[in-house]
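Asks: Based on the sequences and whatever the hints tell you, model everything.
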Amino acid sequence: MATENKTAELTELEQFRKDHGLALHEERPLTTLNLGPTHPATHGIFQNILQMDGEKIMDAVPTIGYIHRAFEKIAERRPFYQITPLTDRMNYCSSPINNMGYHMTVEKLLGITIPKRAQYIRVIMMELARISDHLICNSILGVDSGAFTGFLYVMQEREHIYDIYEEVCGARLTTNMGRIGGMERDLSPKALHLIDEFLKRFPKTWAEFEKMLTRNRIFIDRTTDVGAISAERALNYGFTGPNLRATGVDYDVRVMNPYSSYEDFEFEIPVGSKGDTYDRFLVRNEEVWQSLKIIEQAYKNLPEGSFHADAPHYYLPPKQAVYTSMEALIYHFKIVMGEADIPVGEVYHSVEGGNGELGFYLLSDGGRTPYRLHFRRPCFIYYQAYTEMIVGGQLADAVLTLSSLNVIAGELDA
Amino acid sequence: MELTNENVLGKIISKFGEDNIQGAYSPDGIMTFTTNRETIIELIQYLHDDKELQLNFLTTMCGIHYPDQKDKELCVMYQLHSMRHNYRLRIKVYMPASDPVMPTLTNVYAASNWMERETFDFYGIQFLGHPNLTRILNIEEMEYHPMLKQYPLEDQTREDKIDTYFGR
Chain A
0 MATENKTAEL
10 TELEQFRKDH
20 GLALHEERPL
30 TTLNLGPTHP
40 ATHGIFQNIL
50 QMDGEKIMDA
60 VPTIGYIHRA
70 FEKIAERRPF
80 YQITPLTDRM
90 NYCSSPINNM
100 GYHMTVEKLL
110 GITIPKRAQY
120 IRVIMMELAR
130 ISDHLICNSI
140 LGVDSGAFTG
150 FLYVMQEREH
160 IYDIYEEVCG
170 ARLTTNMGRI
180 GGMERDLSPK
190 ALHLIDEFLK
200 RFPKTWAEFE
210 KMLTRNRIFI
220 DRTTDVGAIS
230 AERALNYGFT
240 GPNLRATGVD
250 YDVRVMNPYS
260 SYEDFEFEIP
270 VGSKGDTYDR
280 FLVRNEEVWQ
290 SLKIIEQAYK
300 NLPEGSFHAD
310 APHYYLPPKQ
320 AVYTSMEALI
330 YHFKIVMGEA
340 DIPVGEVYHS
350 VEGGNGELGF
360 YLLSDGGRTP
370 YRLHFRRPCF
380 IYYQAYTEMI
390 VGGQLADAVL
400 TLSSLNVIAG
410 ELDA
Chain B
0 MELTNENVLG
10 KIISKFGEDN
20 IQGAYSPDGI
30 MTFTTNRETI
40 IELIQYLHDD
50 KELQLNFLTT
60 MCGIHYPDQK
70 DKELCVMYQL
80 HSMRHNYRLR
90 IKVYMPASDP
100 VMPTLTNVYA
110 ASNWMERETF
120 DFYGIQFLGH
130 PNLTRILNIE
140 EMEYHPMLKQ
150 YPLEDQTRED
160 KIDTYFGR
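If you read the sequences in order, they're chains A and B.
No gaps in the numbering here: position 121 of the first sequence is 120 in numbering that gives the first Met the number 0, and each next residue is one more.
No gaps in the numbering here: position 27 of the second sequence is 26 in numbering that gives the first Met the number 0, and each next residue is one more.
It should be emphasised that the hints constitute simulated quantities derived from the structure, not laboratory data.
Even glycine gets a Cβ: it sits at the ideal position worked out from N, Cα and C.
Treat each hint with caution, since some may be false.
Stated by the list, open to error - When the alpha-carbon atoms are kept at most 27 Å apart in a straight line, the in silico DSSO-like pairs for lysine-lysine are as follows:
{"hint": "1", "chain 1": "B", "residue 1": "K14", "chain 2": "B", "residue 2": "K50"}
{"hint": "2", "chain 1": "A", "residue 1": "K189", "chain 2": "A", "residue 2": "K299"}
{"hint": "3", "chain 1": "B", "residue 1": "K10", "chain 2": "B", "residue 2": "K50"}
{"hint": "4", "chain 1": "B", "residue 1": "K71", "chain 2": "B", "residue 2": "K91"}
{"hint": "5", "chain 1": "B", "residue 1": "K148", "chain 2": "A", "residue 2": "K107"}
{"hint": "6", "chain 1": "A", "residue 1": "K72", "chain 2": "A", "residue 2": "K107"}
{"hint": "7", "chain 1": "A", "residue 1": "K318", "chain 2": "A", "residue 2": "K115"}
{"hint": "8", "chain 1": "B", "residue 1": "K91", "chain 2": "B", "residue 2": "K148"}
{"hint": "9", "chain 1": "B", "residue 1": "K148", "chain 2": "B", "residue 2": "K69"}
{"hint": "10", "chain 1": "B", "residue 1": "K71", "chain 2": "A", "residue 2": "K72"}
{"hint": "11", "chain 1": "B", "residue 1": "K91", "chain 2": "B", "residue 2": "K10"}
{"hint": "12", "chain 1": "A", "residue 1": "K299", "chain 2": "A", "residue 2": "K199"}
{"hint": "13", "chain 1": "A", "residue 1": "K107", "chain 2": "A", "residue 2": "K318"}
{"hint": "14", "chain 1": "B", "residue 1": "K148", "chain 2": "A", "residue 2": "K333"}
{"hint": "15", "chain 1": "B", "residue 1": "K91", "chain 2": "A", "residue 2": "K107"}
{"hint": "16", "chain 1": "A", "residue 1": "K189", "chain 2": "A", "residue 2": "K199"}
{"hint": "17", "chain 1": "A", "residue 1": "K273", "chain 2": "A", "residue 2": "K55"}
{"hint": "18", "chain 1": "A", "residue 1": "K72", "chain 2": "B", "residue 2": "K69"}
{"hint": "19", "chain 1": "A", "residue 1": "K203", "chain 2": "A", "residue 2": "K292"}
{"hint": "20", "chain 1": "A", "residue 1": "K72", "chain 2": "B", "residue 2": "K148"}
{"hint": "21", "chain 1": "B", "residue 1": "K91", "chain 2": "B", "residue 2": "K69"}
{"hint": "22", "chain 1": "A", "residue 1": "K203", "chain 2": "A", "residue 2": "K189"}
{"hint": "23", "chain 1": "B", "residue 1": "K14", "chain 2": "A", "residue 2": "K72"}
{"hint": "24", "chain 1": "B", "residue 1": "K71", "chain 2": "A", "residue 2": "K273"}
Claimed, not checked - Rough simulated footprint, nothing fancy, chain B against chain A, three-plus residues with beta-carbon under 8 Å:
{"hint": "25", "segment": "53-67"}
{"hint": "26", "segment": "237-251"}
Replies: See the structure below:
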């Protein structure tokens with residue numbers, strides 16, 4: 000009886016093999032393929048040792064840590080204001096978000112309230128950063144599926160975003176933007192002009208980019224059902240950000256725990272349904288539109304007022320005052336030498352980074368440096384799921400999955 | 000039930016007893032309490048499964064080193080999040096440096112796999128039952144756990160180092 004059942008279940012191929020006296024399942028040796036650490040398709044330093052059966056991935060062992068720079072250890076030695084440049088180098092595609100996330104964490108510890116204007120400027124900069132982050136991710140996804148043009152086209156827009164950064168803080172990539180207590184300077188007329196220009200020009204570019212890929216048959220075929228993950232698995236794996244929203248969970252830190260006046264703005268949280276590469280692409284695309292909407296609102300309603308908090312103990316005085324007033328000189332000295340009074344405390348603050356919930360767990364013992372500063376890096380947490388997402392798929396799909404997850408090596412390794 | 004720190008703490012204490020849940024305080028609005036190694040996995044599993052709390056998201060975990068606390072030198076901090084209620088909870092477990100052993104959480108949260116490897120890598124805390132407890136960010140040949148406080152960063156002003164490549 001049992002044998003009969005088994006016969007009935009044989010596939011055509013197995014029947015053929017049985018008829019010709021072959022073993023039912025061919026035992027093929029697996030090929031070991033070393034993908035990375037440096038490979039043009041990985042966009043960062045990731046190594047995956049794959050076990051391949053032809054083009055099919057049977058197993059993957061990721062190795063990370065190639066650009067580990069011990070930020071958490073270094074942070075335990077540096078005074079608070081010197082830690083900001085470390086955060087730049089985590090997700091270097093959206094450094095301002097990291098900078099401001101860190102600043103807000105310390106402000107939470109110090110109990111400083113930030114004036115509305117500074118909060119709005121922060122929102123503008125953070126949303127610009129989100130756009131540049133998503134823009135890279137989605138255009139690289141195009142490159143990996145064979146569409147190079149869109150990448151170069153939107154890369155130009157990223158340069159314009161970097162021009163705005165440059166006008167606001169002086170740097171382009173690793174921005175070190177803002178300070179504990181607000182921004183280091185007000186938005187200059189030129190910066191406002193650049194933002195205005197960007198708001199006028201960018202939607203056209205982005206619409207064209209979307210048009211190129213969203214309903215592109217080749218792109219859809221390459222990305223649908225590739226690297227899919229269910230909402231339950233994604234939550235279990237600690238996914239956050241666009242990758243989680245692509246699975247259909249509408250979790251966004253900006254809405255759930257609004258910081259920096261996000262509650263003032265009207266925007267929507269796009270969600271996907273299947274959690275595959277195509278959904279992640281669509282969610283990021285839509286988030287760019289929502290970010291534009293936020294920037295527009297913040298730009299239009301930019302309140303008057305100061306661009307920094309009235310916190311002389313923690314916020315560097317203007318240079319002019321340092322040279323002319325005793326008080327400013329003392330504060331300047333104390334802050335630069337790391338002698339500002341920091342309260343004892345324990346805070347967790349999270350912001351919606353380019354890739355998800357970017358959290359800072361700060362433990363202060365009242366000393367000049369943090370006692371412990373732990374970064375919740377979204378990339379590090381969700382990259383664990385990569386093996387599960389690519390096993391059983393094709394090698395070319397694994398590359399697409401990696402770029403659609405937007406794993407940033409700097410954030411992965413910290 | 001509205002999730003307030005008092006409610007949740009009451010619920011957890013009534014389930015696990017006052018001996019196991021100690022020192023509750025909320026430094027930044029997030030309730031923090033201490034438990035022990037025997038309870039932690041059961042507790043997190045309970046919080047994960049409980050329909051009322053739905054604390055089913057592991058936000059982060061990390062190690063902390065307090066060299067001056069006798070028999071409580073090492074600490075592991077878990078932070079949970081209930082997305083349904085937007086409620087966060089922090090749990091700490093202290094252990095002596097001579098016995099740095101914790102049970103693994105990987106059976107509850109897949110996310111804790113690399114987090115535990117990271118904690119092991121930097122603090123030397125052994126997670127019993129972990130499927131692959133190896134170093135993750137540092138090189139495998141490393142002989143110490145660098146985030147422990149007894150390893151200071153290199154003195155920036157040292158002069159005995161000859162580095163012909165960078166001219167320091």
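Asks: Please list, smallest to largest, the hint numbers that this structure does not respect.
Replies: Of the numbered hints given earlier, those the structure breaks are 23 and 24, listed in rising order.
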